[in-house]
Amino acid sequence: MIRWENCFRYWIQCNEYKITIVKHQLTNKMKSITPTLNFFVGKGGVGKSTVSALVSIKNSLNTERTLLVSMDPAHNQGDIFKADIGEKPLEIASNLWVIQVDTDRWIKQYLKETEESVSRKYNYQKAFSIKNYFKVLQFSPGIEEYALMKAFESILLKHQDKHLIVFDMPPTALTLRFFSLPKLTLTWINELTKLREKIHKKQEILSNIKIGKKQIETDSILTKLKNMRENYTRLKDLFISEKTRINLVSKPDELSQSESIRIHKKLEDLGKSLQAVILNGATNEASVEYYKKHIPARQYPLLPESSKALIGLENLREYAKSADAEIEKILKS
Amino acid sequence: MLQDIEEINRGNVSELHEWEERELRNIFALLVVGSFTGIPSPPVHITMELLPEMEDDLRIMLNRIQTAHDPLGELFSLLDPM
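The listed protein sequences derive, respectively, from chains A and B.
Here the first sequence stands for residues 1 to 333, where the numbers follow the working numbering.
Here the second sequence stands for residues 334 to 415, where the numbers follow the working numbering.
Simulated from the structure, these hints should not be mistaken for lab results.
Treat each hint with caution, since some may be false.
To be verified - Simulated crosslink set (SDA-like; lysine to any residue; CA at most 20 Å straight-line):
hint, chain 1, residue 1, chain 2, residue 2
1, A, Lys272, A, Thr36
2, A, Lys224, B, Glu348
3, A, Lys201, B, Glu348
4, A, Lys198, B, His350
Taking the hints into account, I'd like the entire structure generated from these sequences.
Below you can see the structure in the form of structure tokens.
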């Protein structure tokens, strides 16, 4: 007699297997990432978005395919380029595309996927309203940076054809949480894996005693933990690799200087040194001395104040040409 | 008769291991869903990723909570077959 329950279970298993294959293909694709990644971090209001836009324009003028990604929920790139920019890449100029990441959409999508996955497994729990619980989960600590990480991974996978991807990062707190996410996650995963392996060993002893030497089923939790460890190790390695360049934007004032030092120290803890400290609005070499003394970096480009408002492609191009040598330092650093 | 003795011994040993395995899984579940119990918990995305696979572990944890108020009873039931 056909047991429909078994058929349904088998159907679910097949679907999960398909999902695993797709995930595996995506992971393999991620192993061969080619574009250089340029992150722009710094205190709010120092000009991260403008500097990111200038660097992207300069790189596209060098006939290199460039993608500018705004990760900042404030989304200034739309205002800077005077264009309606969304999650779909908008070709602003030749060789230059711009995206604004919608963090809320990524959080909603992640929660929806998790909710479906939990509901599939616990489908008998009809009285237990999972939906309401997931509505609250979007306000959990850590969700925002995880959504950014998901968006980051997806962008990397989709834009392998680009030479350079420029990330205009959110305010300091969220940016630092984003960079620490792989390391923090790995610490937990390693501890949970150790405990799970201990459980698995116990289960093996039990199966030996009860049914003699027979291979016991693979622990699905252990498999998941191992997959997660593989993925986050790759992300952690990517962040500390030469391909990833973190540039600090600052202004020659006391508050920006203090926050810049804090950012540098936190990144140093994560094993990452700065590629460039960009002084926005600096007029002379003297203002660089403080930064050279306190924050080690490969380059210290100076970007003088612009006489015109840096809004619109034409004005940005004009400024990029006038500060050509300094912007080139960021790209070549 | 020797076979019966072996069966009994196997039963005793396996019960102890089973108890240890249950305890470890209880700790694992407590760690993963720690945010609900006030224990330092892993980032939410780890919990959410593991939750669909944790049906049995959660059941063990819930059973353990039920017997938590009767530790003597549990100890005697464990020592009973010895």
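Taking the hints in turn, this is what the structure says about them:
| no. | hint | result |
| --- | --- | --- |
| 1 | Lys272/A to Thr36/A | holds, 16 Å |
| 2 | Lys224/A to Glu348/B | violated, 28 Å |
| 3 | Lys201/A to Glu348/B | holds, 15 Å |
| 4 | Lys198/A to His350/B | holds, 12 Å |
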